[in-house]
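Visitor: Take these sequences, add in the hints, and give me the full structure.
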Amino acid sequence: MIDSGDPTNIVQRFLAALEARDIDSARGLIAPGFTMIFPGTAPMTSLDALIAWATLRYRFVRKTFAGFDPVPGQGDTATVYCRGTLSGEWPDGSAFIGIRFIDRFELVAGQITRQDVWNDIAETKAAP
Numbered sequence: 563m564i565d566s567g568d569p570t571n572i573v574q575r576f577l578a579a580l581e582a583r584d585i586d587s588a589r590g591l592i593a594p595g596f597t598m599i600f601p602g603t604a605p606m607t608s609l610d611a612l613i614a615w616a617t618l619r620y621r622f623v624r625k626t627f628a629g630f631d632p633v634p635g636q637g638d639t640a641t642v643y644c645r646g647t648l649s650g651e652w653p654d655g656s657a658f659i660g661i662r663f664i665d666r667f668e669l670v671a672g673q674i675t676r677q678d679v680w681n682d683i684a685e686t687k688a689a690p
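For the sequence shown, the numbering used here assigns the number 690 to the last residue and increments by one with no breaks.
The set of hints was computed from the structure by calculation and includes no laboratory data.
Check the hints yourself; a few may be wrong.
[What the hints assert, rightly or not] Straight-line alpha carbon distances no greater than 20 Å define the calculated EDC-like cross-link-like pairs of lysine to aspartate or glutamate that follow:
no. : residue 1 : residue 2
1   : LYS625    : GLU581
2   : LYS625    : ASP682
3   : LYS625    : GLU651
4   : LYS625    : ASP678
5   : LYS625    : GLU685
6   : LYS625    : ASP584
[What the hints assert, rightly or not] Each pair of labels, with its calculated beta carbon distance range:
no. : residue 1 : residue 2 : range
7   : ASP682    : GLY637    : 33 to 41 Å
8   : ALA593    : SER656    : 19 to 27 Å
9   : ASP654    : GLY567    : 35 to 43 Å
10  : PRO594    : GLY635    : 14 to 22 Å
11  : GLY602    : VAL633    : 21 to 29 Å
12  : PRO594    : THR641    : 29 to 37 Å
13  : ALA578    : VAL633    : 31 to 39 Å
14  : GLN636    : THR686    : 31 to 39 Å
15  : ASP568    : ASP654    : 14 to 22 Å
16  : ASP654    : THR675    : 22 to 30 Å
17  : ALA614    : THR639    : 26 to 34 Å
18  : THR607    : GLU685    : 22 to 30 Å
19  : ASP631    : SER587    : 33 to 41 Å
No residue lacks a Cβ here, since even glycine has one placed at the ideal position from N, Cα and C.
Guide: Structure (structure tokens):
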């Protein structure tokens with residue numbers, strides 16, 4: 563599905579779909595050749611790969627957004643940064659909260675082509 567609407571809205575819908583585990587809706591917002599890079603892993607090219615990887619890291623994660631910063635590109639391209647904190651549950655059932663994150667999304671013709679993720683999960687999990 564190509565949505566040439568507001569890039570920030572597209573990113574918000576994508577993240578909301580992932581959090582709700584509505585993978586079909588999330589898939590509808592990504593372009594063929596989509597790539598995502600999370601800390602500590604090789605690039606992933608499918609949401610199924612993301613789910614398999616994330617299952618080993620946490621039971622669930624939620625994002626609290628501090629803001630979205632769109633950067634218009636040339637033609638039908640855009641970049642959207644979002645930032646905030648993560649909360650959720652580790653695999654052992656213990657909770658985490660307040661972990662900083664920044665996501666960077668690249669969009670072409672209303673579809674997400676790339677997601678880069680930076681967060682402090684490893685530092686938080688390793689803390690005594």
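Visitor: The structure should be examined with respect to each hint, and the outcome stated for every one.
Guide: Here is what the structure says about each hint:
Proximity of LYS625 to GLU581 is assessed by CA-CA distance (about 8 Å); at most 20 Å being required, the pair is judged to hold. Proximity of LYS625 to ASP682 is assessed by CA-CA distance (about 13 Å); at most 20 Å being required, the pair is judged to hold. Among the hinted pairs, LYS625 with GLU651 is consistent with the structure: their alpha-carbon atoms are about 12 Å apart, no more than 20 Å. A threshold of 20 Å between alpha carbons decides the hint, and for LYS625 with ASP678 the separation of about 15 Å falls inside it, so the pair holds.
For the hint pairing LYS625 with GLU685, the CA-to-CA distance comes to about 18 Å; that is within 20 Å, so the pair holds. Using a Cα cut-off of 20 Å, the hinted pair LYS625 and ASP584 holds, with the two alpha carbons roughly 16 Å apart. As the Cβ distance of ASP682 to GLY637 is approximately 35 Å, the hint placing it in 33 to 41 Å holds. Between ALA593 and SER656, the C-beta spacing of about 37 Å breaks the proposed range 19 to 27 Å.
Separation of ASP654 from GLY567 is about 41 Å and conforms to the stated range, judged on CB atoms against 35 to 43 Å. Between PRO594 and GLY635 the Cβ separation comes to about 19 Å, which falls inside the hinted range of 14 to 22 Å. The hinted window of 21 to 29 Å between GLY602 and VAL633 holds, with their beta carbons roughly 26 Å apart. In this structure the supplied range 29 to 37 Å is violated for PRO594 paired with THR641, their Cβ-Cβ distance being about 19 Å.
In this structure, ALA578 and VAL633 break the distance hint of 31 to 39 Å, their C-beta atoms being roughly 21 Å apart. The beta-carbon spacing between GLN636 and THR686, approximately 38 Å, falls within the hinted interval of 31 to 39 Å. At roughly 40 Å, the beta-carbon separation of ASP568 and ASP654 lies outside the given 14 to 22 Å, and the hint is violated. In this structure, ASP654 and THR675 break the distance hint of 22 to 30 Å, their C-beta atoms being roughly 35 Å apart.
One distance hint, 26 to 34 Å for the beta-carbon pair ALA614 and THR639, holds here, with the actual separation near 30 Å. For THR607 paired with GLU685, a C-beta distance near 27 Å keeps the hint of 22 to 30 Å intact. The hinted window of 33 to 41 Å between ASP631 and SER587 is violated, with their beta carbons roughly 24 Å apart.
Violated hints, in rising order: 8, 12, 13, 15, 16 and 19; the structure is consistent with all others.
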